[in-house]
Each structure stands twice: as C-alpha cells, then as structure tokens.
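Listed below, chain by chain, are the residues.
Number of protein chains: 2
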Amino acid sequence: MCQLLGMNCNTPTDIVFSFTGFALRGGLTDEHQDGWGIAFFEGAGVRHLVDYQAAIRSPLAELIKAHPIKSKNVIAHIRKATQGSIALENCHPFVRECWGINWVFAHNGDVPNFLPELTGAYLPIGNTDSERAFCYILQECRHHFGAKAPTLAQLAPFLEQLCHQIAQFGTFNIMLSNGHALFVHCSTKLHYIIRQFPFNTAQLSDQDMSINFAEVTTPKDRVAVIATQPLTTNETWAAFAKDEFKVFVDGAVMPRSNLDQTALSVS
Amino acid sequence: MCQLLGMNCNTPTDIVFSFTGFALRGGLTDEHQDGWGIAFFEGAGVRHLVDYQAAIRSPLAELIKAHPIKSKNVIAHIRKATQGSIALENCHPFVRECWGINWVFAHNGDVPNFLPELTGAYLPIGNTDSERAFCYILQECRHHFGAKAPTLAQLAPFLEQLCHQIAQFGTFNIMLSNGHALFVHCSTKLHYIIRQFPFNTAQLSDQDMSINFAEVTTPKDRVAVIATQPLTTNETWAAFAKDEFKVFVDGAVMPRSNLDQTALSVS
Numbered sequence: 001m002c003q004l005l006g007m008n009c010n011t012p013t014d015i016v017f018s019f020t021g022f023a024l025r026g027g028l029t030d031e032h033q034d035g036w037g038i039a040f041f042e043g044a045g046v047r048h049l050v051d052y053q054a055a056i057r058s059p060l061a062e063l064i065k066a067h068p069i070k071s072k073n074v075i076a077h078i079r080k081a082t083q084g085s086i087a088l089e090n091c092h093p094f095v096r097e098c099w100g101i102n103w104v105f106a107h108n109g110d111v112p113n114f115l116p117e118l119t120g121a122y123l124p125i126g127n128t129d130s131e132r133a134f135c136y137i138l139q140e141c142r143h144h145f146g147a148k149a150p151t152l153a154q155l156a157p158f159l160e161q162l163c164h165q166i167a168q169f170g171t172f173n174i175m176l177s178n179g180h181a182l183f184v185h186c187s188t189k190l191h192y193i194i195r196q197f198p199f200n201t202a203q204l205s206d207q208d209m210s211i212n213f214a215e216v217t218t219p220k221d222r223v224a225v226i227a228t229q230p231l232t233t234n235e236t237w238a239a240f241a242k243d244e245f246k247v248f249v250d251g252a253v254m255p256r257s258n259l260d261q262t263a264l265s266v267s
Numbered sequence: 001m002c003q004l005l006g007m008n009c010n011t012p013t014d015i016v017f018s019f020t021g022f023a024l025r026g027g028l029t030d031e032h033q034d035g036w037g038i039a040f041f042e043g044a045g046v047r048h049l050v051d052y053q054a055a056i057r058s059p060l061a062e063l064i065k066a067h068p069i070k071s072k073n074v075i076a077h078i079r080k081a082t083q084g085s086i087a088l089e090n091c092h093p094f095v096r097e098c099w100g101i102n103w104v105f106a107h108n109g110d111v112p113n114f115l116p117e118l119t120g121a122y123l124p125i126g127n128t129d130s131e132r133a134f135c136y137i138l139q140e141c142r143h144h145f146g147a148k149a150p151t152l153a154q155l156a157p158f159l160e161q162l163c164h165q166i167a168q169f170g171t172f173n174i175m176l177s178n179g180h181a182l183f184v185h186c187s188t189k190l191h192y193i194i195r196q197f198p199f200n201t202a203q204l205s206d207q208d209m210s211i212n213f214a215e216v217t218t219p220k221d222r223v224a225v226i227a228t229q230p231l232t233t234n235e236t237w238a239a240f241a242k243d244e245f246k247v248f249v250d251g252a253v254m255p256r257s258n259l260d261q262t263a264l265s266v267s
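Protein chains in written order, with my numbering: chain U, 1 to 267; chain V, 1 to 267.
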C-alpha cells in the first residue's frame, strides 16, 4: 500500500510543511520506502520529480524542502510496492497529456484484476495496475468527449462513474488533477482539511515541527490539503466516506451545481 | 536559438562532465538563459528536470552535478526563447508516450510556419513550434505504424523523412530518443564524438576542468556525445552535414543495414 498527498489552492502555495511530514512516512515513521514522487503544476507545465529511493534518503526530496516551489495544484505519493517492480517507470504520480492539458494521477490501493482493453491511445510504460487504470481513464475520456476538452461540469460526473467502475475491482483511492481542479476518489481512506482565514498554527504529527499559517498567508488565501492520514495533530481533518468523489477548485470542495460550464483550461 | 546536448552509451554513464560545460552556456559563457531541461532514461522510466531559470542559477542543475545520474540515453537543452513564452511548459526536452514507450525530444532552431493539422492524438501543452513539431512526429508515427511498435529498421527511415519534411519550414536540429536509440537530425549545426577504448583525458572548453576517462571507464564502454558546439578543446569532434540524419545505438552510429529488425523496446 501507499500514501497520497494532494494540495489544491486559490493562490500558489508551497507544500514544504505538509511534504516534510509526509516524506518522513517514506521510510522513517512508516514503511513506504519503495519510491516516491511529486508533481507540481506551474501554469500549464508540470514539474515532475520521482525517485525509487525512499523519500527520507532522496536528495530530490531535500531539494524540495530547501527550494520551496509554489503551486496551486500538487500531488505526491510514497510507495510500498505491491503491484509492479521498484523502478522509475512505476513511481507515482504519472503524467500524461489529454486535450493539450497535463493530467497528473496517483493511486493508493490495488486493482490487480482490472484488465480493461487498452486501444493504444494511452498505454502503460511500467507494469503497475495504477498506471493501467490511469491510461483507461484518459482513454475513456478521449473516447467519450472526443478531441475537444469538455467542461468541468461535464467531466466530473463522468470521472466519478469511471472511479466507481474501477473501484469494484479492489481499492481505488486516487487523486487526479489538470492544474485547475483536483479530483479525489476514496475507496477506503482519505482525509482533508481546508485552511482559510483566520489561519492558525499547525503541528505536524510525524515530526516536532509547527507553523503559524497566519504569518505566511493573506486573508484571501484558501488551501485544501488531502492526505491518506491526517498530517497534523491539532487540527480537525474530515474523513472521506467510502466511495466518495469530490472535486476541489481554488482550495474548496466544489458543489456539483457550481462546476464550471466553460471548457477546461489551466488557470 | 538554443543549444542541444545528447548522450547515447552502451553502459549507464553519468553526464556530469559534459553537462557542466554545457550548463555554463546557459547564462555565463553564452546567452541561452531562458530556461533549460534534461531528461535521463532509467530503464523504461524517464527522469525529467526542467526549469525556466538560467541553468547557471538553477538549484536543479546543481543537484545533477552533486548527485550524478547514470543513464544510457540523455537529452539536454538550454533555451534562448524565440518562439513561445518563458514558461515551464515551453522548456525542452518534451516527453510523451507512444506504444507504451517514453519518447524524449528537444529542438534547436525555428519552424514557425510549420502548422500541420493535429488530429488530437498528441496536442501541444505550451506554445512553441518545437512541441508542435514533436506532436506531429508522434501523430504521424502512430498513424503510419498503428498501435503496435515498429522495428528500429522500419522506424528510422520514416523519422528521417518526417525530419526532412519539417526542416523545409526552417531550422530543425533535433534529438529524439526512446531510451534505446538516439535519433539526430541536423539542419545547420551539430557535432559528435565517440569515446571508446583507449580512453584519454578531455578538457572542457567552457571551464578549466578536465577528466581522464581512462580512470572512470572499462575497456568495453562506448559513449557518443552530440552537441550543438564541441564541448572540449583537445578532442576531434565530427560535424554533421546539412540535412544529415543519424541513429546512435550503444554509443555508436548505426549503419542502416544494421538496424534492429525486432520490435522497439527499451533495453
């Protein structure tokens, strides 16, 4: 099994605090030491860093902490290999292009018997069930909506339905982002918190480290952090329900009725 | 304009020596300071590092020098923006999947009037003519060979023909790799060297730095380095001819008659 970390914000924010606690679970406070990865959206581009070393021993992980990268959408993953060998091509998150937009995907859980027909539009490079599921999702999106991007209001229910379909084959906790929205599906375990004005001090659970967010934010900032397990001890994280699917935009959970009716783009 | 650096080897080799000289041209010994990038194949996976900061000021570039990554195929690029804004999505090299294989591409030159019809299989994320040409190449490969990978013997002449077609629209010095072969097309300026037993000492032209390759190699090693401009002062680099297309495999230029007749894979 693995652990997931996602962030969706209304203003570019660095993820150093959350990542510091999360990375410790990659071999120190927990057993997920078979690789890790993180993807930051910066405009339409993605900065994609993956490693098959444990996060606690990785110079790339140190670089992220030393040189904070500000992003509105981030997905990170620490891996304990269950399906697929320990190799770079099997490290999450995975990145692919669809409709001229970068898509980033990470998965916690196993769906080894989900063996859909892949027609060739998106084929796995590695040998994980996770990348296979991601390729299927993009293939079905392209098949359903064609070569032009749908609106968020059209896409969200379609993605939810695909997630429910795949989740029947096992455990499918996932995060998917196009740099604007962060789509999250929970099979078994995910938690989230929305940090907004008035900001308070947060205390990491994996290390003796705290931060007063009031000192590093403006009153307009809003940040959603989603993680397999809560990362802090003094805040109240909400648990996802089984089979719950949420869309985060600008640091908030977006009600279905409010989803954007214009074609997808990265803002 | 930009500069290109490529390496193709028969054994995983670090590129620190060549990259050190090359990176200095990203803002110090030359004017290419509008971003840079490098992609290392590691098995079927790709480690892809891009930045819109100048290479001489980039912490990622320092990381590469401090923690050498061994790879059989590397493509690097330093950018002086001519087409497309200075943004992460416009930094070369670009990476896309085709036939379940990672493809890495970088371009030096301009083909602003090359505006092919893109059907949707591969669409540009940024706004460079280079990424547009890369999308076109992969689209035509998929269209021509279908969903199953061709052999190297089939692919090489097809790629050569595409390069000649695109080069009619301007300057198209490119490097393209699938982790096994490195395909190189020259419109105007590219040089290469094959380093093999007996190895000698090489002296960088952009910095007072030398290396005795005999101390860090075995007699079986063979490394091809391709660059816009020669990187060393005491070795003889061969110049590409105008419109020349070469395929490097295992650190050597591969004659057409010797190209692999088995389906493409990453070895």
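It should be emphasised that the hints constitute simulated quantities derived from the structure, not laboratory data. Be a bit skeptical, because a hint or two may be false.
To be verified - Among chain V residues calculated to face chain U with C-beta under 8 Å, some are:
no., residue
1, Lys65
2, Pro68
3, Ile86
4, Ala87
5, Ile125
6, Val216
7, Pro219
8, Ala252
This structure is a prediction, so every number in the text was calculated from the model and none was measured. The C-beta atom is built at its ideal place from N, Cα and C for all residues, glycine as well.
Okay, the hints, checked on the actual structure:
no. : hint   : result
1   : Lys65  : 11 Å, violated
2   : Pro68  : 11 Å, violated
3   : Ile86  : 11 Å, violated
4   : Ala87  : 5 Å, holds
5   : Ile125 : 5 Å, holds
6   : Val216 : 21 Å, violated
7   : Pro219 : 29 Å, violated
8   : Ala252 : 25 Å, violated
Hint check: violations occur at hints 1, 2, 3, 6, 7 and 8; the rest are consistent with the structure.
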